[in-house]
Each structure stands twice: as structure tokens, then as C-alpha cells.
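2 protein chains.
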Amino acid sequence: MAIKNSQTQERGLAVARTVAELRHAIAAFRAAGRTIGLIPTMGALHEGHISLVRGALGRSDVPVTSIFVNPTQFGPNEDFAAYPRDEAGDLAKLEEAGCRLVFAPDKDEMYPGPQLTTVHVSEITDGLCGPLRPGHFDGVATVVTKLLMMAMPERGYFGEKDYQQLQVIKRMARDLAMPIEIVGMPTVRELDGLAMSSRNRYLGAAERATALHLYRQMMAVARAVRDGGASCGAATSDATKALLAAGFDKVEYLTVIDAESLEPVERVSGPARVVAATRLGRTRLIDNIAVD
Amino acid sequence: MAIKNSQTQERGLAVARTVAELRHAIAAFRAAGRTIGLIPTMGALHEGHISLVRGALGRSDVPVTSIFVNPTQFGPNEDFAAYPRDEAGDLAKLEEAGCRLVFAPDKDEMYPGPQLTTVHVSEITDGLCGPLRPGHFDGVATVVTKLLMMAMPERGYFGEKDYQQLQVIKRMARDLAMPIEIVGMPTVRELDGLAMSSRNRYLGAAERATALHLYRQMMAVARAVRDGGASCGAATSDATKALLAAGFDKVEYLTVIDAESLEPVERVSGPARVVAATRLGRTRLIDNIAVD
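Chains as they are written, first to last, in numbering that gives the first Met the number 0: chain W, 0 to 291; chain G, 0 to 291.
Keep in mind the hints are simulated off the structure, nothing from the lab. Incorrect hints may have been included.
The calculated label-pair distances, taken between Cβ atoms and stated as ranges, are [what the hints assert, rightly or not]:
| # | chain 1 | residue 1 | chain 2 | residue 2 | range |
| --- | --- | --- | --- | --- | --- |
| 1 | G | His23 | W | Gly246 | 50 to 60 Å |
| 2 | G | Gly269 | W | His23 | 40 to 50 Å |
| 3 | G | Ala258 | W | Asp107 | 46 to 56 Å |
| 4 | W | Glu86 | G | Ala233 | 52 to 62 Å |
| 5 | W | Glu262 | G | Asp237 | 35 to 45 Å |
| 6 | W | Arg10 | G | Ala19 | 57 to 67 Å |
| 7 | G | Gly269 | W | Gly74 | 45 to 55 Å |
All C-beta atoms, glycine included, are put in the ideal place defined by N, C-alpha and C.
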């Protein structure tokens, strides 16, 4: 423990580096009759993460945030090494937001030996980011299971910004009968609509100006297809062309999906989302919004 | 709940059919300061299972036994339909042994929707029963994870008789950081050495007489190879011939393995086990013993 070890008092942020420290601190909150809300993050925190802390506080949970850049969810050609890290800044933001406990383990604490066990979620990982990032969702499902088992919170908080990930985690918790409620929280956006993301730090000034078109085009798709109006294929095709014209280097996908099965839909007749993954320079930007 | 709903009193067996009933009953034990020991079984209970109940009692855990013949761990040509079921007999044995709570869900309670999530343990499932029973250990790891999450016991009790299964479950609990201790309990044997198994009920009288040779031959191998004496290949080859001569229809494997990695060893120089899987008529018999 560092910073404060007064974690059962009404304020103050403690930092646990080991599972034993985490469980010790959580047991103290529990003994005081408090419920726990875990917010798993990879650090480089922004207002979107902080909204998850507020979500926990709004449900009377003690917010516990984990910070761990999980290597197993990055592909060999992805940005694990470059992923932004700013623990001092993260801790300051978390204390300000009312977080009570941070779990910031190193790799050996999270993976003390060869990890032979994998948690796999099928079907809803077959499309979208699944085939584009082989092994990614297995890495996510496995590390989130571990973090949930380490903290055993009443609730786990995740952003809707990673919509497919949120559905994978919800499904995993339900399928494995975890006694933990998975709470999805709305995406937090910049004033021009760009979804907050740790990877926005990669964007140069010109790219940042271009980036706002993603939200605009998703909104255009959602307006066009709502209530079964336009064909989803036509609307997303138009939006894809507009993104490339605006300066995006690639549109990996821009699709309208069923909100639960994540299967593409051609005419909207129930809960649906517009989901997109794009490349802008060296930055991969993903986003999604509800239709309606 | 049935039979008794006085589950927080000092005696008496309650039966929970749903996860909600199970958690309600366990919460009552917890509130009374008791720890929980879960004994997952497929029913058709014998003295081996009852020794697991005693193991829990010996550690001051409240023994909670689950009875569920899990379809996902049987292959398409295996004995799921024929697997013995005797709930009334099981409940009587469990109450007599001091078990306090039985969880006996039906299939829809265990798998309320399509199960998209699988827990997979690699490497230690590559040999022995792994390739002979494709999907078996995924089915076991997944259902045991679910049962552990449903009951959230302090300890889970499993027999050493299914040695590879025990190692898979230990590894899974460790790799996923479950806050649950997995306790292995010694195999219970008939007077002539035959390991107790629900599948022994399949054996006709002549087969039952033949069956005792499995333990004898495993003992012969263990004696021969201990302290790096005989080559494991030679000893197991002799024992395999003896089993076939005694009337076994098939020896799927008879191997000396490292007790932790489950890799075959040729000369014993550390903790090792003799493991065997055989066919006797329509019955598959497995067993294992420690070398030394």
C-alpha cells in the first residue's frame, strides 16, 4: 500500500500493488458494510473513465479502479509498447473523482506463471473487431475474469465506447454465473462529438480535426436508417465514402448491428447500433452509437 | 427448497433446485460465520464422494454437494444417457454423512441460454484423456467454474481418482485467480483395490473380477519404476500386456507422468504418477496412483 493506508476512512486513495493488498483493502471496506464497484482500465485515464468512477459512486459502491496495460489483448503488430502510461496523472484524477482504491499490479503479479487458462466467448466475437484482432477478446475476457476474481466486486463498470467488449464481458459474466453485475456506462465525448479514448493522444492536430467526422457520419447513418428508413448497406456505404474523402486512411468496418446479437442488420426493426472501426494515420479509432 | 429448510441449524439436509435458492441458503450459513466447502458431483454417489464430504467437515467447512450430470463434458458417443442417476439414494447418503445442502439443478437452470463462454485449459489437457475425449475438459472446466461462481465456496473438494481433471481444475482456479482453494482428496478403493467409480455399476460379475487387475498392474509399475529403477516404457508395456491377457478389451493409455506437468517420464526422478485408462466391455475405467 502507498499514498494512504486509511482506506476505510471516508476519503483518500490507497494503491494496492499485489492481489493480497487488494483483497486486504477490499475486506476492510466489506467489513464496514460497503459494496464494491470495480472499474478495470488500462490507465491513461480521461473523462470517460472518470464517468465510470462516478457511476460507481452513484450506486453507493466504493469505486476500485484497476490500472493494468494487459499484454495478452494486444496483437503482435499493435501498440502495446506505445500505449500511453501516466500513473501519477491517473492517481491524481482518481483521487479527485472520489476513487478509494487503485489496483496497479505489474505483469508478474497478474501472470505469476504461464497462463494456461483462457476464457473464450464465441459467436458475438465472430464479427467486427474479432477477426481484425485475433486473440484480442480472449485476452480481454481472461484478464477481466482475473480482475473480477481478484476484487470480487458487487458490480463491474465498463464503457459503452468499446461496445463489443462490453457485450462480451456481460455475456461472459452471465454464462459463467459470476455473482457480479456488469454495468455499461454511456460514452463520454469531446465537444465536437469525438469519443474520448486514451488513443486520441496519438492524433496530430490535423488528424484531430479530421477525427470529428467519424461521429458525424455515424449520426448520419443512425438518422438515415432509424425506423427502417434507409437500407443500412446504402447508408453505411455513403458514410464510408465520406470518411475516406474527409481524410481517414481506412474504414475497417462501419456497420449497423443488432444491439444484442451483434449481427449486421439490413433494415432496422429493433434495438440497433451503428459501430465503426477506422484508421487515421497510425491511430485506430473505434466508436458506436445507438440507432434512436 | 425441500426436505428441510432449517439449513442454518446444526443438522439436516436442504435441497436447492435454483441458483437463487443455493445462494440464499449459503448466505444464511455465511451470516452464521461458517465457511463453505463445495463438492461438485454427477451423483450416483459412492464412498469416494462421501470422503469428500468428510474432507469438508474435517476443515470445518459446511459441506455443500452439487449433483448435476453435465451434458457438455460427454462426447456424442459417450454414456451421458446411460450415466447412473439415483437422487433419492444420493440424498440419503449425503444426509447420513453430514452434508447440509445439496444443489440439484436441472439443465435449464445450469444453462439458461446458449452457453457462448468456454473455459479452456491448455497444455495439461494435451495428453492422456484430452485427445481421447475431445471437448471433455472444456466442458468440465466451464461447468466447474459455473458451480464455483454459483456457490462461491471457500474450498472446492475433488477426488484424486480423476487426476488429470483435478490438475485442470487446480490450474484453472489458480490461473483465473479465483478466491477458492481446490482440495484434492485420496482415491477410495474397494477391498481388492478397485477405485470407486459411479461407472463400476456397469460392470458384470466376470468383468468386476477382472477389474481388480488394473490396480495390481499399476502397483507393479509403480514398484518397478520408483527411484529411477526400471524404464517406465518397459514397465508399462509389461503391465499393458498383462491387462490384455487378464481380459481387458483395450488399454487406452498406461503411462508414468510427471505429477505436475502431466508429461510422460521415462525415468522417475521426482513426483510422478502411474495413470491408466482402459476399456472393459462397455465400461471405461480410469485410475492412477502415486509412484512412492
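Here is what the structure says about each hint:
Look at His23 (chain G) against Gly246 (chain W): about 58 Å separates their beta carbons, and that is inside 50 to 60 Å. Taking 40 to 50 Å as the suggested C-beta distance range, the pair Gly269 (chain G) and His23 (chain W) does not conform, at roughly 35 Å. Restraint check, Ala258 (chain G) to Asp107 (chain W): a C-beta distance of roughly 25 Å breaks the suggested window 46 to 56 Å. The hinted window of 52 to 62 Å between Glu86 (chain W) and Ala233 (chain G) holds, with their beta carbons roughly 58 Å apart.
About 58 Å separates the C-beta atoms of Glu262 (chain W) and Asp237 (chain G), a value inconsistent with the hinted range of 35 to 45 Å. Distance hint for Arg10 (chain W) and Ala19 (chain G): a CB-CB separation of about 37 Å, inconsistent with the stated range 57 to 67 Å. Here the CB-CB span from Gly269 (chain G) to Gly74 (chain W) is close to 38 Å, at odds with the stated 45 to 55 Å.
Violation of the numbered hints given earlier is confined to hints 2, 3, 5, 6 and 7; the remaining hints are satisfied by the structure.
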